[in-house]
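Quick mapping for you: the protein sequence lines, in order, are chains L and U.
One rule links them: number in our numbering = place in the first sequence (from 1) + 84.
One rule links them: number in our numbering = place in the second sequence (from 1) + 84.
Derived by calculation from the structure, the hints in this document are not laboratory data.
Where hints are given, some of them may not hold.
Where chains are identical, the list cannot tell them apart; a pair therefore holds if satisfied intra-copy or between any two copies.
[Stated by the list, open to error] Subject to a maximum C-alpha distance of 25 Å in a straight line, what follows is the list of computed SDA-like cross-link-like pairs (lysine to any residue):
1. K105 x T263
2. K105 x E373
3. K105 x R405
4. K105 x E256
5. K105 x S253
6. K105 x D342
7. K105 x R132
8. K105 x R236
9. K105 x L140
10. K105 x D375
Since the model is a prediction, treat every value here as computed from it, not as a measurement.
Protein chains: 2
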Amino acid sequence: MTTPLRIGLAGLGNVGAGVVKVLDDNADLIARRAGRPITITAISARDRNRDRGIDLSRFEWVDDATELAGRDDVDVVVELIGGSDGPALTLARRTLAAGKALVTANKALLAHHGLALAEQAEFQQVALRYEAAVAGGIPVIKGISEGMAANRLSRVYGLLNGTCNYILSRMEAERLPFTQVLAEAQAAGYAEADPSFDIDGIDTAHKLAILAALAFGARIDFAAVATHGIRAVELADIDQAQALGFRIKLVGLAEEQDGALFQRVHPALVPLDHPLAAASGALNAVVAEGDFVGRLLFQGRGAGEGPTASAVVADIIDIARGTSGHPFGMPVAALAALPPADTAGRQSRYYLRLTVADRPGVLAELTAALRDHGVSIESLIQRGHAASGDAMLVMVTHMAQEAQVLASLAQMSLSASVTGAPVMMHILDF
Amino acid sequence: MTTPLRIGLAGLGNVGAGVVKVLDDNADLIARRAGRPITITAISARDRNRDRGIDLSRFEWVDDATELAGRDDVDVVVELIGGSDGPALTLARRTLAAGKALVTANKALLAHHGLALAEQAEFQQVALRYEAAVAGGIPVIKGISEGMAANRLSRVYGLLNGTCNYILSRMEAERLPFTQVLAEAQAAGYAEADPSFDIDGIDTAHKLAILAALAFGARIDFAAVATHGIRAVELADIDQAQALGFRIKLVGLAEEQDGALFQRVHPALVPLDHPLAAASGALNAVVAEGDFVGRLLFQGRGAGEGPTASAVVADIIDIARGTSGHPFGMPVAALAALPPADTAGRQSRYYLRLTVADRPGVLAELTAALRDHGVSIESLIQRGHAASGDAMLVMVTHMAQEAQVLASLAQMSLSASVTGAPVMMHILDF
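The following block holds chain L by itself, in its conformation from the complex (with noise of 0.2 Å):
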């Protein structure tokens, strides 16, 4: 098979740029290996006079995004504009509908209409892929709906934004405060100027959505995800966590239990010893466990132009050489529309900072606080702050219920010797 694929790019920032580069750098590898040569044929962006270093006048220019889909002479439609609706939500739409396949990197798009669009293709009977909308360059939407396919998967989770993890670890290695790294990282142009989509968690949520519905063949299910983003991370509990043994990560969760669908994005203490735990700056990692296979760990560059349009071109190169399947790993319709999870009886171990007025009788007020709804220490730090006359309690708990800690907290607050909210974090036994 020797005709060329003929792709339609919409979108020409970094990644759009880095989908262009790597057609042209490796344009005889990659058609040695997609079996035939892989051609742009027509771009759009929103911009077309920016310099972005590469000779554009090659392609057809279309003003109008959205019009690649009806073009005959485009056969794959690339979908890298971004956002969950307007023109990548009509130009997506639009390429199903022209019966030609679509390849995105959009984690939005697809966390709010990933099963709509997914019907769409399967209708269509034409490719829908997105193995750049999720950790990058690492191939781990292939990793779980192929190279896990023989597995009842239980658990996905992982580091799923790369600012997240970079701040996190910034923090941890410069002893910066939040706000401090994070305003270095927006100069610096690896945060965007609007961070809340990366540091409030919804970006991890979004990938998670995507994630959770591959591994556990359930509907997508968005709106069900508890988000916690690192705003409230302090360096204290950084360095708490450090003298404890953990590493404070934002970590996206998924789990299905008992048909029920788990998830959670939330800043939780990673074991030292975990694999987590030793991705550290930009890196994305992810770990999915399966009944037979055990726990798999994928780990790379989660963004930026080079490995996102790495994982773009693979799936390009898969439509190529004629790789059918469905979006999620089976059918729409075969897909489990699983009710959310009751969190209350979770068991974890949690870590619980305090900020309390240090006079006699207050670690008993606390301690029985604890011990009233059953949850009991394993280890418990205290120090003064010279400054305020406060002092920070820091308490690691034995496994305990959810609700049963929750219900602690709440009874402490109530404390007139609480004089900050109390901070309260996952602990990742697993």
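Assemble chain U onto chain L, guided by the hints.
Same frame as chain L, now just chain U:
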């Protein structure tokens, strides 16, 4: 498509029994994912009467495994017999000749006959798949050949033998000598009665030769793999490595450099913060480096019934889905015949350990040998052996050329002061 895909299964050891269990336990799930049921129709093994803990009476028993290839009720033959030649090879050839797909976990077969079998599969336009042959349950064949397909790969390396990794991890953790750990591993069934395939690095070399072909688009050249096992690793080396910030691992390493192929299996010093250092016990781990994606890490269980069966069944599911693709990522005719790389100019840091007579002038003599060949020393530890009166001298060099280090060692070996064979190991600085 609801016609079942019918499997003929040859070999009913741990992995074969595992395949039966996977297909039993997850039958519905697998059918949904594969788009059709997958059923075993016929089986063959050496011993019909051994109790494998599974009901085999449902399947047609065939005494001669090679007859599975000719059966009308078999679409895919799964070869789990093992061995590079003999019945495994005969079955593989007959299966492909009969126009049936072949799934195998047999690295020896592929290292020796992979290209010929791939040519046969291409000619017949049938699938030849072997995910389970390298790194057990880890989908690294898929990760490299599909997930990284957009990249020019420069290097692939990893821990590919769980037995060696287990032995080295246990030597370190329990401070036991090699022979004792090996004997215990054999008694516990973790190591074979004849352990040489594992501990002499041959198994790792088989897997490395396959990975290198796939990663670099090169013809398999198993004979060119320089293979060193772990018999010579002493507890003293593990201790000294640890003191210097390293962990000793049996590493299979392949690189493509200027059109030549470097392939080596050797115990190497891995920095403690390198992801390979964290893969302990029987885990496998593979790192692959691509020009756009950067460094990817895949980690998981590299052997055992469940993980290996998971990989075998993943291949079967891909076949059921109609996934095609050349066994080595591109047509055999397009694979390059890369000559073995010249290793004399390779740059690395080196770990050297010498046993020397503890008398004046020895250190001056040995360091002069390094100086004479332009090798400079980064760190040096000298310790007296209380019993023998000899001293142990451990050095880490700065970056140096392999030929220069070897020349220094040859010069040292001539010294009357050097009482044992010098030990040299590479340091993994990437």
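Structure-based check of all given hints:
In the homo-oligomer, the alpha carbons of K105 and T263 never lie at most 25 Å apart, since the shortest distance is 35 Å inside one protomer and 53 Å across protomers. Taking the shortest alpha-carbon separations for K105 and E373, only the inter-copy value of 18 Å comes in at or below 25 Å, while the best intra-copy value is 35 Å. Only within a single protomer do K105 and R405 lie at most 25 Å apart by alpha-carbon distance; the minimum there is 21 Å, versus 32 Å between protomers. In the homo-oligomer, the alpha carbons of K105 and E256 never lie at most 25 Å apart, since the shortest distance is 35 Å inside one protomer and 46 Å across protomers.
For the homomeric pair K105 and S253, neither the shortest alpha-carbon distance inside one copy (30 Å) nor that between copies (43 Å) is at most 25 Å. Taking the shortest Cα distances, K105 and D342 sit within 25 Å of each other only across copies (22 Å), while inside one copy they are farther apart (47 Å). Within a single copy, K105 and R132 get their C-alpha atoms as close as 17 Å, which meets the 25 Å cut-off; across copies the closest is 57 Å, which misses it. With identical chains, the CA atoms of K105 and R236 are at most 25 Å apart between copies only, with a shortest distance of 13 Å across copies and 38 Å within one.
With identical chains, the CA atoms of K105 and L140 are at most 25 Å apart within one copy only, with a shortest distance of 11 Å there and 54 Å across copies. Taking the shortest Cα distances, K105 and D375 sit within 25 Å of each other only across copies (11 Å), while inside one copy they are farther apart (40 Å).
Hint violations for this structure: numbers 1, 4 and 5, all remaining hints satisfied.
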